[in-house]
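J.: First to last, the sequence lines map onto chains Y and S.
Per my numbering, residue 1 is the first one in the first sequence, and the count goes up by one each step.
Per my numbering, residue 577 is the first one in the second sequence, and the count goes up by one each step.
In case anyone wonders, no lab produced these hints; they're calculated from the structure.
Errors might be hidden in some of the hints.
Simulated coverage check for chain S against chain Y, where a stretch passes if three residues somewhere in it have a Cβ under 8 Å from a Cβ of chain Y [what the hints assert, rightly or not]:
hint, region
1, 583–596
2, 623–636
To list a few chain S residues with every Cβ distance to chain Y over 12 Å, as calculated [said to hold, decoys possible]:
hint, residue
3, ASN578
4, ILE579
5, TYR599
6, PRO600
7, PRO601
8, GLN602
9, THR603
10, ARG604
11, SER606
12, GLU607
13, ILE608
14, ILE609
15, ARG610
16, GLN613
All values derive from a computational prediction rather than experimental measurement.
Even glycine gets a Cβ: it sits at the ideal position worked out from N, Cα and C.
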Amino acid sequence: MNKILRVNMTTLTTGTEAVPKEWAALGGRALTSTIVAKEVIPTCHPLGENNKLIFAPGLLSGTTAVNSGRLSAGAKSPLTGTIKESNAGGLAAQMFGRLRIKALIIEGLPKGNAWYSLHVSNNGVTIAEEKELIGKGNFAVVEALENRIGKKVGVITIGPAGEMKMLSANISVKDVDSKLRSHGRGGLGAVMGSKRIKFISIDDSGAPGIKPVDPEKFTASARIFAKAIMEHPGTGQGLPTFGTAEMVNLVNEAGGLPTRNFSLGRYEGHEKISGETLRETMIERGGNPSHGCQPGCIIKCSQVYVDKKGKYITSGFEYETIEILGANAGLGNLDQIAVADSIMDDIGVDSIETSIAIGVAMEAGVLPFDDGEGVLRLLREDIGKGTPLGRIIGSGAGHVGKVFGVTRVPVVKNQAIPAYDPRAIKGIGITYATSTMGADHTMGYAVATNLMGVGGGIVDPLKKDGQVELSRHLQIVTVMLDSIGLCLFIGFPAADIPTCVPALVDMLNACFGFELTPEWIGGLGVNTLKTERAFNLAAGFTNKDDRLPEFFREPLPPHNAVWDFTDEEIDEFWNF
Amino acid sequence: MNITVRLFATFRFGRFASATRQYPPQTRISEIIRELQIPDTEISMIMLNGRHADPEQCLCEGDSIALFPVVAGG
Chain Y
1 MNKILRVNMT TLTTGTEAVP KEWAALGGRA LTSTIVAKEV IPTCHPLGEN NKLIFAPGLL
61 SGTTAVNSGR LSAGAKSPLT GTIKESNAGG LAAQMFGRLR IKALIIEGLP KGNAWYSLHV
121 SNNGVTIAEE KELIGKGNFA VVEALENRIG KKVGVITIGP AGEMKMLSAN ISVKDVDSKL
181 RSHGRGGLGA VMGSKRIKFI SIDDSGAPGI KPVDPEKFTA SARIFAKAIM EHPGTGQGLP
241 TFGTAEMVNL VNEAGGLPTR NFSLGRYEGH EKISGETLRE TMIERGGNPS HGCQPGCIIK
301 CSQVYVDKKG KYITSGFEYE TIEILGANAG LGNLDQIAVA DSIMDDIGVD SIETSIAIGV
361 AMEAGVLPFD DGEGVLRLLR EDIGKGTPLG RIIGSGAGHV GKVFGVTRVP VVKNQAIPAY
421 DPRAIKGIGI TYATSTMGAD HTMGYAVATN LMGVGGGIVD PLKKDGQVEL SRHLQIVTVM
481 LDSIGLCLFI GFPAADIPTC VPALVDMLNA CFGFELTPEW IGGLGVNTLK TERAFNLAAG
541 FTNKDDRLPE FFREPLPPHN AVWDFTDEEI DEFWNF
Chain S
577 MNITVRLFAT FRFGRFASAT RQYPPQTRIS EIIRELQIPD TEISMIMLNG RHADPEQCLC
637 EGDSIALFPV VAGG
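Model the full structure from these sequences, guided by the hints.
T.: Below, the structure written as C-alpha cells:
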C-alpha cells in the first residue's frame, strides 16, 4: 500500500498517512510541486519554519523499468525564491519505491542547536539526534553510515555547505558505488540544513516491492521502452561512448560555449576538455568511461575519472562542470576540474552554481581566470570552511555579482545560467527565461533540437523563429520525465522513436491499473507548469522576472549573436 | 581548393580529428561525407564555418566543415 511519511521537526514527531486519491497518478516532480503548492505559504522564508522539504520517487522508481530511478526533491528555493524541484540518481528513489513510499514530507524547524538524522524503513520514519557526523563531508557520512548501519544502507545527506545554509548547497544521494549523485540546483541543501537534518538513512529490507497489476503487459512494454533507448543514436551510442562532455566540441563549434564569464562563445582550449579527450584519458589510465548513475541504467553516460596513477578522483563528471570550470573559468585542465568536482561533491555544493559564481568572482578580480590552484583553494579553504569569502561565493553567482559590483552576471531568478550561451542557442534561452525554477537547461533542453535536430529537424539556434513553441513543448514533456523518475535523456527516444511514449504509458497502466492515454502526458505537464507558475506569482514574481540579464544584448563572438527577444515575445510562452 | 574537415566523437574512429585536404572547385559537403564513408543517417549536425549547413552546399577555398553524430550534455 502506498503511503506518505510526514516528519515534523518542530515537535520532533513522525507519522504515516494514506495517499490522497488525487495524488495517486502523480510522482516525482508533479507530486513535489503539487505538495509545495498546496502546503507551503508562497511568501514564507525558505529557511523558516513554514517551508517544507519533500522527497518523492518517480512513478516507476522501484520497478524493473530501466532508467526510472530518479528522486525528486522539492521546496521553496532559498536561492531563487521560486518553487523548486531538483532530481538525482543514486539508490534512494528505488528504495523509496520498493518501500511504497510515495513522498517524505519534512516540515517545521527544531528549537535549539541540536542536529538530527532521519531513518526510513519498512516501519516508517524515525528521528534521532546526531552528533558524530556534524561538520563532516558527504563521503565521510556515507562511509560512517555503512559502518554503522550496513553496506546496503541508502543515504541522503548534506555537507558542511548545507549545514551552513549556503544558497548553493545541494543534497547528495549515495549511488551504487557508495559515491554521490546530487539534487544540485536551487539550494535545497540549505533547506535541509535549516531543519537541522544532517542525513536520512534508508533500510529497505522487508520492503513489499512493486508488483505490477498486469505483469506480462508490463514486461512486454518495458522491453519496447528499453529497445527504443538503445535504438536512438544519442542514448544508444553517443552518450555511452563519450558521456555528456561530448557537448564541449559541439557547442564550441556552434559558437555558444560560455568562455571567461560569458564574454566569448568559443574556447581556444576546447579539445583539452572535450569528451573525446576525457574518453581517451580514461581508457589510457584505466578509469571507466561508461557508468550509470542508478541501478538499471542502460545509457551509462557517466564515468569514473581516475588520476595518472589510476586512483579514483570523481564520478558523475558532467559536461556542465567540465565546461564551466574548463572554459568559463578558463582552467582548461581535466585533472584539476575533476579534483574540483570531487571537493564540491564532498562539501555539498551545486557544481553549476558554484562554478558560475567562480567565473563572476574571476571577472571581479578575486582570482585570475585560468587559476586552477586558486579555484581548489577557494573550494577547500573558503567555501568548505565557511570563511566570509567562502560564504559570499557559496551564496551563488547573483550574490557574488552584487558584492563585487560586476554587471556580467549570468543568472535568471538569481539562479546561475549553465553551460550554453543563450545568444547563440536561443531556444535554451527561452527555457532559462521562462522556467519556473530559474535558469535551468534541464527544464526544456532545446539544445538538442537547436543544434542536432532531435525531435524532427533543426530549429536554427541563431534565429528567434519557433524557439518559444519549442521550449514550451519541451518544458511540458520534461514534466513527464521528471514525474516518472526517468532521466532527461529519455527525451531523445521519446521525441524520435515512435514506440517510446506509448510504451511508457502502457508500463504505467500495466503496473498500477491506471487508464492513462498518451494525452495524459500533455495534461500532466500543463497542470504542473501552471501549478508551479501560480506558486511563483503568489510569491511575488511577475512576467518581468522572465528575462535574461541585460548583458546578453551585447554581441557574442564568433557570430556576434545577441539576445533579441522582446518582452512580448517571451511572455507568449505562458499563452497555453 | 583547400578545405579543413573536422570530425567529432565516433566519426574520429578509424579516420582523423582534423585535416586540411585538397578538393576540386564546386565540391559539395555531401561528396566529402561520401568520401569519408559516413552514413547519412548517423550525421546530426553539419557546420560550415560555425553555422548549420545543408549537405548539398558547395564549398569555397578555405572553408571549414565540422561533422557531428548525435551527442548530448547535461
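J.: Evaluate each hint against the coordinates.
T.: Against the structure, the hints come out as follows:
no.	hint	result
1	583–596	holds (count 5)
2	623–636	holds (count 4)
3	ASN578	19 Å, holds
4	ILE579	16 Å, holds
5	TYR599	20 Å, holds
6	PRO600	25 Å, holds
7	PRO601	25 Å, holds
8	GLN602	24 Å, holds
9	THR603	20 Å, holds
10	ARG604	19 Å, holds
11	SER606	17 Å, holds
12	GLU607	21 Å, holds
13	ILE608	16 Å, holds
14	ILE609	16 Å, holds
15	ARG610	19 Å, holds
16	GLN613	17 Å, holds
Hint compliance for this structure: every hint is met.
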